[in-house]
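Participant: Now for the letters of each chain:
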Amino acid sequence: MRLLANASRWLFRLQREEQSPIILNQRRIFILPTGAGLLFGAVLIVMLIGAINYTLSLGHALVFLLASLGLIAMVHTFRNLLGLTIQAGRSAPVFAGELARFPLYLSNHRDESRCKLEFQFDKLDSSSINLPERASASVHVTCPARHRGRLKPGRIILHSRYPLGLFRAWSYLQPDLSCVVYPTPIARPLPPPTAIAEPGSSRGNTGQEDFSGLRLHNPSDSPRHIAWKAVARSVDAYPLLVKHFAGGAHQELWLDWGLTASEADDETRLSILAGWIISAESAQLRYGLTLPSQTIPPDSGTAHRERCLETLALYGHENPETR
Amino acid sequence: MKTRKHAEPLERAAVPWLLTCALATAAPHASHLPVWLSCLVSGVIASRFWLWNVNKPLPSRWLLTLLVIAATAGIALQYRTILGRDAGVALLVLFMALKPMEMRWRRDAIVVVMLGFFLLLTHYLYSQSIPTGLWLMTAATLQTATLVRIYGGSQPPAIIMRKAATMLAQAAPLMLVLFVLFPRVSGPLWGLPQDAHSSRSGLPDSIEPGSISDLVLNGSLAFRVRFEETPPSNSNLYWRGPVMDEFDGRTWRPARLEREPVPKIDALGKSTRYELTLEPQNQRWLLALDAPAALPPDAHLSPRMQALSRHPIRARSRFTMQSVLDYRAGIEESASILKLARQLPAEGNARARALAKSWQEKHHNPAAIAAEALQLFREENFIYTLQPPLLQENSIDQFLYETRRGFCEHYASAFVFLMRAAGVPARIVAGYQGGEINPVDGYLTVRQSDAHAWAEIWVAGRGWQRVDPTAAIAPARVESGIADALPAGESLPVMARVDLGWLRQMRFRWEAINNSWNQWVLGYNPERQREMLSRIGLGEIDWRGMTALLSVICGVLLAAITMWTLWSRSRLDPAQRAWFRCCARLKKLGMPRHPWEGPLAYAERIAKSHAGYGEIALQAASAYANVRYGKGNPLDIRIIAAATKRLPNNWRFT
Chain A
508 MRLLANASRW LFRLQREEQS PIILNQRRIF ILPTGAGLLF GAVLIVMLIG AINYTLSLGH
568 ALVFLLASLG LIAMVHTFRN LLGLTIQAGR SAPVFAGELA RFPLYLSNHR DESRCKLEFQ
628 FDKLDSSSIN LPERASASVH VTCPARHRGR LKPGRIILHS RYPLGLFRAW SYLQPDLSCV
688 VYPTPIARPL PPPTAIAEPG SSRGNTGQED FSGLRLHNPS DSPRHIAWKA VARSVDAYPL
748 LVKHFAGGAH QELWLDWGLT ASEADDETRL SILAGWIISA ESAQLRYGLT LPSQTIPPDS
808 GTAHRERCLE TLALYGHENP ETR
Chain B
697 MKTRKHAEPL ERAAVPWLLT CALATAAPHA SHLPVWLSCL VSGVIASRFW LWNVNKPLPS
757 RWLLTLLVIA ATAGIALQYR TILGRDAGVA LLVLFMALKP MEMRWRRDAI VVVMLGFFLL
817 LTHYLYSQSI PTGLWLMTAA TLQTATLVRI YGGSQPPAII MRKAATMLAQ AAPLMLVLFV
877 LFPRVSGPLW GLPQDAHSSR SGLPDSIEPG SISDLVLNGS LAFRVRFEET PPSNSNLYWR
937 GPVMDEFDGR TWRPARLERE PVPKIDALGK STRYELTLEP QNQRWLLALD APAALPPDAH
997 LSPRMQALSR HPIRARSRFT MQSVLDYRAG IEESASILKL ARQLPAEGNA RARALAKSWQ
1057 EKHHNPAAIA AEALQLFREE NFIYTLQPPL LQENSIDQFL YETRRGFCEH YASAFVFLMR
1117 AAGVPARIVA GYQGGEINPV DGYLTVRQSD AHAWAEIWVA GRGWQRVDPT AAIAPARVES
1177 GIADALPAGE SLPVMARVDL GWLRQMRFRW EAINNSWNQW VLGYNPERQR EMLSRIGLGE
1237 IDWRGMTALL SVICGVLLAA ITMWTLWSRS RLDPAQRAWF RCCARLKKLG MPRHPWEGPL
1297 AYAERIAKSH AGYGEIALQA ASAYANVRYG KGNPLDIRII AAATKRLPNN WRFT
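Protein chains in written order, with the numbering used here: chain A, 508 to 830; chain B, 697 to 1350.
Heads up, a few of these hints could be off.
[Unchecked claim] Computed beta-carbon distance windows for the label pairs:
no., chain 1, residue 1, chain 2, residue 2, range
1, B, Pro1330, A, Ile733, 51 to 61 Å
2, B, Leu872, A, Lys630, 24 to 34 Å
3, A, Gln533, B, Trp1292, 23 to 33 Å
4, B, Arg969, A, Val553, 37 to 47 Å
[As the list claims (entries may be wrong)] Residues from chain A that keep clear of chain B, each with C-beta distances beyond 12 Å, as calculated:
no., residue
5, Ala574
6, Ser645
7, Thr649
8, Ser727
9, Asp772
10, Thr802
Just so you know, the hints here were simulated from the structure itself, not pulled from any lab data.
Heads up, the beta-carbon is just placed ideally off N, CA and C, and yes, glycines get one too.
Okay, chain B solo, but in the shape it has when bound (with noise of 0.2 Å):
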């Protein structure tokens, strides 16, 4: 058995099928292989491809396995190791394009096609949105197809591509009810390698010049929210990311906090229901707005105010949570968070200092010197700009009194500065501010150029109350957005610019289609199964009920797929399954038809033996004959049908 196994050939018309397969499922791996294997496995599939058509042999094994220790040895130098997850897909890329260079057997080619499925699925790991998904669909095909390639023999391609297509068009309903019905399992089952999750972009941990413009140059996704009602003002929008109260003179970022309370939080006003679907950032941040008031269950506060998730978020996740706009908070906050709140470094920026020390002796409510210090920014003609200046030493007093050209960092850390100059505690807050409503879904967009930084000061008797300088300097950033904030002539990425009606809406429908796909397709976890089973009908449904009714169903379309299959399987045209209804009603009445005798010989030999049914019979079978051999028309099957109905049913004729 094994040996002849073996002995299968390749037929050598399936190798151009297989080295599509090979380059189909190898190609979209391109943007993030390092260029050189790339290269390589261009370079060897196009060798192999030469080799086919000069019909030269195949290099030799000893080759192969330099060629395959090379590589290996490449990709584990360039990633330092080879079980992470980029390693991995690079060796399978590289085994992908050697294995075609071994392809001698019928069993060889197997192995490529199985290659080819598994590569499929690592393309995920890197996007799973729509266009991936049509690609992936359109490779699958052309899988599909050389395995029928490989098994069916010659045949035109565009006969081999429609049988794919059709069997997997005929894959697609049992495929959606798998999907539907299969209990998900989720999280990861086991630990995922150690660059499973690489860095994405996002919210920096900590703030220094520049770091929050560089973000608003990046247009991508950073959460999309659904609100329950309507969604409140633009100017309300203040998603709050981490907070960042230690200053080293450059640099804002959190400072280590021992075990604090969470500050109490008092709603003023009724409290606003939403469902955030936020992109992985790797981080722990939710993001909720500001101040949150109710979080999901695997969340909780921190003692800044922020809500955290227990695990980094590493895959788009949806939470559903609520938040109140109007709050007091932190009326009784810690000593040890105020004091953080009033720290700076000993010593620099000393025109700054003194211009607080002033503020302090004129004022005694922090309020106003917190209006101080926005009605300097408003009057001393500074400006609101992605493009500042390079800050040295003492940015803060280069940045008042040189440059005065600065973005929401600069505005938010020289405010926090001055207040904390003043004996204001005061603190930074990252995050994002207002977003885009897509008019076609409803969902607000929040991206991350809509990246802001903003300030909070402690007021005794009231808490921590929101500053935002930007406000002061740009007001449109808060109330329309930051296309409008900034002055013409500086560059945003293309999908927060405003005009361009036509190109909007399109892109508008377009990201409702990518959020439905994210929501339904990419987000169908084990929450949004449940939501989903209980929509239909189903309720409370275990994993149990699920399978339960996912066998019956898969059960049921099966049997349907060969009751098809069983059915279709004679398929004779009326006139001859009317005849052969007469010939059977003859059978029975004692006169069989034999097999090689055509219908008027059969019906002479039955008058011949039968006078009584002659006539009959004669008449059956020269109406069939017409209608098959000669210029029939449908009356004659009725003819046909007419004869059978006047012979008799049931008995034997003596």
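Chain A extracted, bound-state conformation (with noise of 0.2 Å):
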């Protein structure tokens, strides 16, 4: 088994982790019949027997043009990945049970389309992208994140059965992919605040209570807050505006590892915290995250809430602060 496992790392040039771009070269790509090209291949016999047997000499010409067409096919199927450039991007994080979609640039160097690229992981589900020439596209090749933490979703198979699908080509590509996957947010009623400013901070002019003005639409404000009426009114309005409100109660919100005590789980107690975390930003609070190993100081903000979820995702993983 170990030794098979060597032959086909050694056939397949298998490697640990590969530099971006990949330019696809002749080693790389390997190619194959189909079942429908034996198929093919039987037919052809079949004819080739019904030809001599007949003695027809036209029914020969049709079986070796056809035979002809067979190689021909062979090695516009490999052309069809021969010299692709292929640059792995980043993955946008997502929750556990979710799938995450890893990017992948593709460029086309060559006078000539490519058709049907198929990339997939492992016996998973293909994603396939018809390329022009001369363009770059991207595509996203999926993989279902089942558990919280940092996914490795492994290597890439590039597979395409153009133009017969009478032979397929494949090659395995091996960039350095990584997703993070957060933990599944659980609902649950939001803890009591904890902690309340000191008034005349400069934090503290910001709150739900009192209407102070209009101002600039950030893309972290939340959109029960853009000013539809103002919008409507004239409609070239852009940017957007917001309602901005001053006053109020400041409220800090801890979400303390120790406030899911009640869950012996620590996999269920990090999904109560992601549920806290994702209550706790559309309700615009103000909060903070304390782990058994971390502390993060209260702060709101869509990149706030992401470095929030993230920590929980690595949560005796791995150490975030060392990346």
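Put the complex together from the two separate chains, hints included.
Facilitator: Okay, structure coming up:
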């Protein structure tokens, strides 16, 4: 078994991780006939026997034409992959149970289009793409993210049966791919806020209570605060305006590992924390995270949310700060 | 693995392609399939198209099974078997029409295309003409395009067709090599089904009034001849077929012979060599020019001087033969053959017998008796026509004294009857007379319309002598052909008519093309292959040599294709090539360019770190930037190249 693994590593030139961009050369493209190709061969043999038996000269010609077509198809299938340039992109984090999508950027330097390039991880669904001549495109290869942590999907199989489906050419790609998988959030009521900011602090002037004016929209603003009426008044009012509130109690929320002590299971506790982060963020609260190993001071916004979720994702697996 | 394959669904948009394939491969079979089956097939394909169009589900499996069983039973009833060639083809066509009805997965579609490829081959069982070839070429392109559609996803049809045509064009040279060099095997590998060679039109094996005149209306080809020297004159072209010597009062047929010696043929002149390409006729007759002198190895001469092949001619075949036009044959003819040549029915045709008796008393010389008969035909207002009145009992009497209108078989049969009644041994020879030289390629074409019947009488001391009674009534028949001999207004097939000059010219050209097709494409058999290879200078080469040569040439061709594949991989424009060369040189000097770095930024960085080369790098980079991003001209490329040359080639900068 080990011998076999070694042999296939040698044959298929499996490496640990490859530098991007990957350019497919002839040494890493493999090709074998498909089931349809074998059927085609069998049909050709029967046809040849028929042509000989009935001395059909044109039958010979037809069989030879189709046989040559098969060989030409092999070259075309091979060529469909040859010289393709592939660059791996960064994948966006997902929650466990969702599909992780790994983007690959492809470029075709040839004056011919490449059709039906199919990308997939071992035994998973494939995504296919047609690449026109001298063009670049991106394709997302998917892999279900089952557990929280850092998902290393392994090698990608790139294969193609274009144009005739008689042959299947394939290549193994091992770009450095990884995706952070957050714990599946569990919706629970938020814990009560544990701290109130001292009045007069600079942070205290944003709140939810009193309308104080309009300001430009930031991507982190909740859509509920967009001044839709103002937008509707002049349709080309761009950028969007957001209602700005002032005053009110500024609360600080600590999402503490200890608050989830009722659950025995660590994973469930992480899931509850993840659910809290999402609810706190959507309620536009300032929140901080306390885990046994580390503490993230209170803040709000998308970047903060992602930092917190990532910390949960990698909790117990690796230290995010070392990255 | 298996389940995944099953799960590959067929794209909806690929269905019309597949249906077109099914139609294109099945349609030409309509000419020989029973009408009900053609209707069924077109109906099934049309309803499948309708189902696709309105997006309805396919019929259930048991309905299809029922249809298959019913149609198979119909075919079995029609052909009385389901194993023969015709029945097999009918079944294939049926499956081709029904398979799309259960086409849900890609696998089913592949089966349809493969079945289509096989169905293409079966067309050649019926016709291998140029139009068939062209049509099937189109169908093959369509099928290839269908595969491209299935495996290549949605693209404009024109692009798909172009891809398929390109691939077939690329396959053509390889096909040519395979066609010429693949060692040919002659003959069937095993017994063919009974109906493999259904009977084809040709000379009848017995003669009665009307049997030849029916054939004359058939303009199809009988055989083609190429003479090695100048062709003999038309009146000497008697192509000898079956010899009839048994008469039952109405029909002449060859008598069954015991083992008889083959008569000796003495040549009086020089022999003529020719190559005869015979169309399939399902008979052993070789139709050699009268009288055959040298035959091909697989043939022999019958006791009645007819050239026979060992096996019935079921495919177009070539024979090289020699004949002598001037000959004496059968001077020492065996008694039993002469006895057969005197045989007459016991009674009937009393007036003809009486006439012959009177001639016998008048002359003792058989030649003089024959001359009496020919004179009778010539002087008594006999008419040569394709539409003679029907003859009843005592057909000879009725013809000689009442109707007096007839075709060659009437004259030959009346003549031979009279001769026998006068005691002269005589018999009927069927065959072809004349032919038409095609000025384009010099081949002599003999058609079914050149079918003819003549007579032979035996004269002691001189042997068998040919007498053609038709020549007495219509000399033009023998000298210039059937069209000139018939009275005006009698219709002949277009092919045998001589008027319409331009039409004739076109016909000659088309026939010459057809003939080369037959000779070089369809007739490419082991002998032709040997001939062809020795013509290219390969001399004696056996199948082992051919296989070796074949593999070498195919290998070279494939290697060439592969090289082309690998080479055309990266096609950079000249400016890019020059700039990359420059970058490579700089990298060697220890200043690699970062992949994200633009040319000018790169040059500036070099200028900062390696002052000595900054200026050169800057020159090359600005030239490249100019040609790439600005209004560059070809001169800039030279600037890059010149700058590259100024960089030291092999030493690291320190």
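Participant: Which hint numbers doesn't this structure obey?
Facilitator: Violated hints (numbers, rising): 2 and 5; every other hint is consistent with the structure.
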